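**Q** Sequence:
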Amino acid sequence: MTSTFRIGDGPAVNRLGFGTMQLTGPGVWGPPADPDAAVAVLRRAAELGTDLFDTADSYGPEVAEDLLRRALHPFSGITVATKAGLLRTGPGEWHPCGRPEYLRQQCELSLRRLGVERIDLFQLHRVDPAVPADEQFGLLAELHAEGKVAAVGLSEVGVEQIEQAGRAVDVATVQNRYNLVDRASDDVLRYCTEHGIGFLPWFPIASGRLAEPGGPVADTAQRLGATTAQVALAWLLHRSSVMLPIPGTSSLAHVEENVRAAELTLDEEAVDKLDAAA
Numbered sequence: 001m002t003s004t005f006r007i008g009d010g011p012a013v014n015r016l017g018f019g020t021m022q023l024t025g026p027g028v029w030g031p032p033a034d035p036d037a038a039v040a041v042l043r044r045a046a047e048l049g050t051d052l053f054d055t056a057d058s059y060g061p062e063v064a065e066d067l068l069r070r071a072l073h074p075f076s077g078i079t080v081a082t083k084a085g086l087l088r089t090g091p092g093e094w095h096p097c098g099r100p101e102y103l104r105q106q107c108e109l110s111l112r113r114l115g116v117e118r119i120d121l122f123q124l125h126r127v128d129p130a131v132p133a134d135e136q137f138g139l140l141a142e143l144h145a146e147g148k149v150a151a152v153g154l155s156e157v158g159v160e161q162i163e164q165a166g167r168a169v170d171v172a173t174v175q176n177r178y179n180l181v182d183r184a185s186d187d188v189l190r191y192c193t194e195h196g197i198g199f200l201p202w203f204p205i206a207s208g209r210l211a212e213p214g215g216p217v218a219d220t221a222q223r224l225g226a227t228t229a230q231v232a233l234a235w236l237l238h239r240s241s242v243m244l245p246i247p248g249t250s251s252l253a254h255v256e257e258n259v260r261a262a263e264l265t266l267d268e269e270a271v272d273k274l275d276a277a278a
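Residue 1 is where the sequence shown starts when you use UniProt numbering, and the numbers rise one by one after that.
Just so you know, the hints here were simulated from the structure itself, not pulled from any lab data. Do not take every clue at face value.
[What the hints assert, rightly or not] Heads up, simulated DMTMM-like pairs for lysine to aspartate or glutamate below, C-alpha to C-alpha not over 20 Å straight-line:
{"no.": "1", "residue 1": "LYS148", "residue 2": "GLU62"}
{"no.": "2", "residue 1": "LYS273", "residue 2": "ASP182"}
{"no.": "3", "residue 1": "LYS273", "residue 2": "ASP186"}
{"no.": "4", "residue 1": "LYS148", "residue 2": "ASP182"}
[As the list claims (entries may be wrong)] Cβ pair distances, simulated, as ranges:
{"no.": "5", "residue 1": "ALA130", "residue 2": "ALA37", "range": "32 to 40 Å"}
{"no.": "6", "residue 1": "GLU269", "residue 2": "GLU108", "range": "35 to 43 Å"}
{"no.": "7", "residue 1": "SER251", "residue 2": "THR4", "range": "35 to 43 Å"}
{"no.": "8", "residue 1": "GLN222", "residue 2": "GLU93", "range": "36 to 44 Å"}
{"no.": "9", "residue 1": "ARG112", "residue 2": "GLY92", "range": "24 to 32 Å"}
{"no.": "10", "residue 1": "GLY138", "residue 2": "ARG223", "range": "46 to 54 Å"}
{"no.": "11", "residue 1": "GLU194", "residue 2": "ALA130", "range": "43 to 51 Å"}
{"no.": "12", "residue 1": "ARG183", "residue 2": "GLN222", "range": "21 to 29 Å"}
{"no.": "13", "residue 1": "GLN222", "residue 2": "VAL181", "range": "14 to 22 Å"}
All values reported here derive from a predicted model rather than from experimental measurement. Glycine residues also receive a C-beta, built at the ideal position from the N, C-alpha and C atoms.
Required output: the full structure, derived from the provided sequences and hints.
**A** Encoded structure:
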């Protein structure tokens, strides 16, 4: 695996993790068609050296956390990151809910589902615009002070929100959408890099037309003997030392392909071409 990163005061993790959202049913709703296959994918990822697994109470809901426990509990040598703050009302439906009592409840339920006494990384899935942000960040601080969570993270936030949360509790990670074709969070990534905050890009492999024949991702993959997904992940890992991509898949073959991206070194020509391609 590639270089490591330390999340908060926890152990260093390999910088290429695994995201569990795709292990649920259609619309991230209900169980997968083959739960045993999902468990096998998680175990294979761990066998290959993946030691950061990202999940959420809303994936399923509850399904992904249950699968993670079934596959890898007692999580020896593994860092588990989960999230709360989105209500589910059906397939593809997500609604922010940042009421402190709700977030506390969901933390307690995640502790129970995962079978742990403390969550390694607990992330606010969304800042709820209907609830004062300081109340949401204050609840995260309380959970940390009580020892229920080892580290705190945020998702889909801007720099001002990170700074606001940081006045209440140390922010260990930020999880924003980021990939070769969506770099809207470049300012957040720069801030995280400067302040040693882990950055978990979700939807990391997306490269759109860049991966089509003749595109810069496809050309780079062909020249380096890699796949387009591996090139997309390698570019992310090269972009910042705090980058922690969490590609997800329900395929054993894709798990092995993604993990090998950590071994791919992009030369200067490839980096320049990909940097300029967005």
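**Q** For each hint, tell me whether it holds in the structure or not.
**A** Each hint, compared with the structure:
1. LYS148 x GLU62: Holds, at roughly 19 Å.
2. LYS273 x ASP182: Given that 20 Å is the threshold and the Cα spacing comes to 16 Å, the pair holds.
3. LYS273 x ASP186: 18 Å, holds
4. LYS148 x ASP182: Not satisfied, since the Cα-Cα distance of roughly 34 Å exceeds 20 Å.
5. ALA130 x ALA37: 32 to 40 Å: 39 Å, holds
6. GLU269 x GLU108: 35 to 43 Å: 51 Å, violated
7. SER251 x THR4: 35 to 43 Å: Violated - the Cβ-Cβ distance for SER251 and THR4, about 26 Å, lies outside 35 to 43 Å.
8. GLN222 x GLU93: 36 to 44 Å: Given a distance of about 40 Å, which is inside 36 to 44 Å, the answer is holds.
9. ARG112 x GLY92: 24 to 32 Å: Taking Cβ atoms as reference, ARG112 and GLY92 lie about 27 Å apart, which means the hint holds.
10. GLY138 x ARG223: 46 to 54 Å: 51 Å, holds
11. GLU194 x ALA130: 43 to 51 Å: 31 Å Cβ-Cβ, so the 43 to 51 Å window is violated.
12. ARG183 x GLN222: 21 to 29 Å: 24 Å, holds
13. GLN222 x VAL181: 14 to 22 Å: Since GLN222 and VAL181 have Cβ atoms about 19 Å apart, the given range 14 to 22 Å holds.
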